[in-house]
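**Q** Quick note, the sequences are listed as chains A and B, same order. Note that the numbering used here has the first sequence beginning at 1, numbered continuously upward. Note that the numbering used here has the second sequence beginning at 1, numbered continuously upward.
Zero decoy hints are in this set.
Not everything, but these chain A residues come out facing chain B in the computed CB check (under 10 Å):
hint : residue
1    : Gln-55
2    : Asn-57
3    : Val-58
4    : Leu-60
5    : Glu-62
6    : Arg-63
7    : Glu-127
8    : Glu-133
9    : Met-141
10   : Gly-144
11   : Asn-145
12   : Ile-148
13   : Arg-158
Quick list of the computed label-pair ranges, beta carbon to beta carbon:
hint : chain 1 : residue 1 : chain 2 : residue 2 : range
14   : B       : Phe-21    : A       : Val-7     : 36 to 46 Å
15   : A       : Gly-85    : B       : Lys-15    : 49 to 59 Å
16   : A       : Glu-87    : B       : Thr-55    : 25 to 35 Å
17   : B       : Lys-73    : A       : Asp-273   : 36 to 46 Å
If you are wondering where the hints come from, they were derived from the structure by calculation, not from laboratory data. Glycine included, every Cβ here is placed at the ideal spot set by N, Cα and C.
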Amino acid sequence: MSEGTSVPFGPQHPVLPEPIQLRISLEDENVVQALPALGYVHRGIEKAGELNDFQQNVFLVERVCGICSSIHALAYCLAVEAVLGLEAPKRASYLRVVWMELHRIHSHLLYLGLLAEAFGFESLFMEFWRVRERVMDLLEMTAGNRVIISVCTIGGVRRDIDAEQARAIREELPKLRDEARRLVDSLLSDYTVRQRTVGKGTIPAALALELGAVGPTLRGSGVAQDMRMAGYAAYGELEFRPVTFPDGDTYSRTAVRAEEVFQSIDLVLAALDNLPEGDLKVGFKGRPEGAALARVEAPRGELIYMVVGNGTKNLERMRVRVPTYANIPALLTVLPGCEFADVPVVTLSIDPCISCTER
Amino acid sequence: MARMLRSVLHNAFSKPATRPFPEAPRAAFEKARGLVTFDCTDCRFCGACALKCPTGAIRVVREERKILFEPFKCIVCGACLEACRFGSVQMGPERRKPVYEKPVEVYTKPEADKPATPQDRNE
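Can you build the whole structure from these sequences, using the hints too?
**A** Structure, rendered in structure tokens:
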């Protein structure tokens with residue numbers, strides 16, 4: 001387009017925590033084309049996973065992503081356990097649910113804060129992150145670290161939640177739910193926020209399915225697809241229904257994440273109530289031989305790990321398919337037609353995690 | 001207006017949500033993962049910790065009966081702690097203090113008369 005304007009959006013942009021460039025072609029104020037440029041934070045983790053011992057890889061894959069780190073470890077452990085023919089003990093499965101859902105809460109609160117900041121609503125951003133900090137404290141109290149909690153291991157978990165810690169979580173989460181409810185209400189009912197999000201970047205359900213969108217991006221279009229329904233770890237035994245909102249716009253995607261915070265709080269409490277006694281991990285002998293696939297629900301959508309073992313301590317291949325990778329086509333399809341001023345908010349609404357995408 | 005006044009009064013008289021960090025840092029949680037240290041009293045220098053370490057922060061020199069530990073490679077995952085059968089690896093809740101140079105800590109078996117471990121050394 002000769003008379004159009006081309007604007008590089010990123011790789012450094014205030015709303016993007018991580019580097020991705022969108023080359024945006026404009027016709028007046030309207031976007032006509034968006035092209036992605038990736039590759040700023042590629043670290044070669046998949047290759048490193050083939051060079052490391054398969055047990056040490058648990059610590060490596062946790063470092064794929066800074067926000068959903070333990071969920072990567074869970075997916076990797078489930079894949080290796082499938083290759084080795086192991087099954088984690090019941091207690092370990094429930095503890096995994098507790099930690100994964102705490103992780104989901106902190107990831108979604110992070111997103112809600114960042115979205116508020118993208119509008120310039122900075123006091124709400126700080127309020128969300130203040131609440132999030134208490135989830136981080138719960139993680140540090142139970143697992144020892146704030147983000148990269150290293151609790152999953154092949155065949156089970158490495159830490160236990162004792163009665164006192166469970167009591168602390170049970171006391172803290174209802175308080176946290178009340179505070180988060182107040183903040184979510186003020187985010188979702190605010191006039192300015194509604195003006196900036198309702199009807200922006202609409203992905204119809206059929207298009208989202210066709211483009212292979214996953215997670216809250218898909219559920220925000222009204223499709224009830226959630227990998228937790230497959231029942232890995234202890235999700236099969238806990239009651240839970242995927243949160244969906246029908247409109248497919250930025251507002252719906254935000255509302256899905258907001259409601260999932262409360263759903264996750266309920267899941268943590270339910271898992272703690274039903275926590276069975278028993279071992280934390282099963283021992284195993286032998287080395288992985290064969291291939292297996294694990295699909296789990298990360299905060300941003302479906303996360304797939306494929307592991308191919310060849311009978312040695314190194315893996316033949318470790319393949320990671322992350323949710324943001326699946327959501328970028330949907331984003332690029334809805335950006336044309338938006339106004340340029342809406343690009344940051346619509347881009348943020350798929351909650352892009354570039355470190356995951358490039359590994 | 002009344003609602004606003006309530007918020008104003010609440011904010012004016014409530015304590016801040018943040019901690020007065022440099023003056024009064026928060027006490028570490030009891031089970032937090034922090035400083036890794038070695039106690040070589042019962043150590044057999046078998047090298048299990050070095051084998052399990054995902055970052056290669058530990059080197060065990062069996063002939064010299066020494067453990068070389070690079071704390072700045074350590075990711076405090078605790079794999080060495082689980083690998084050791086003799087209770088020679090400890091992990092405390094405190095964080096490591098900032099330093100100017102990255103040290104290599106050398107741990108040896110304490111002699112009867114000199115219990116001095118570790119000796120810091122720069123390579």
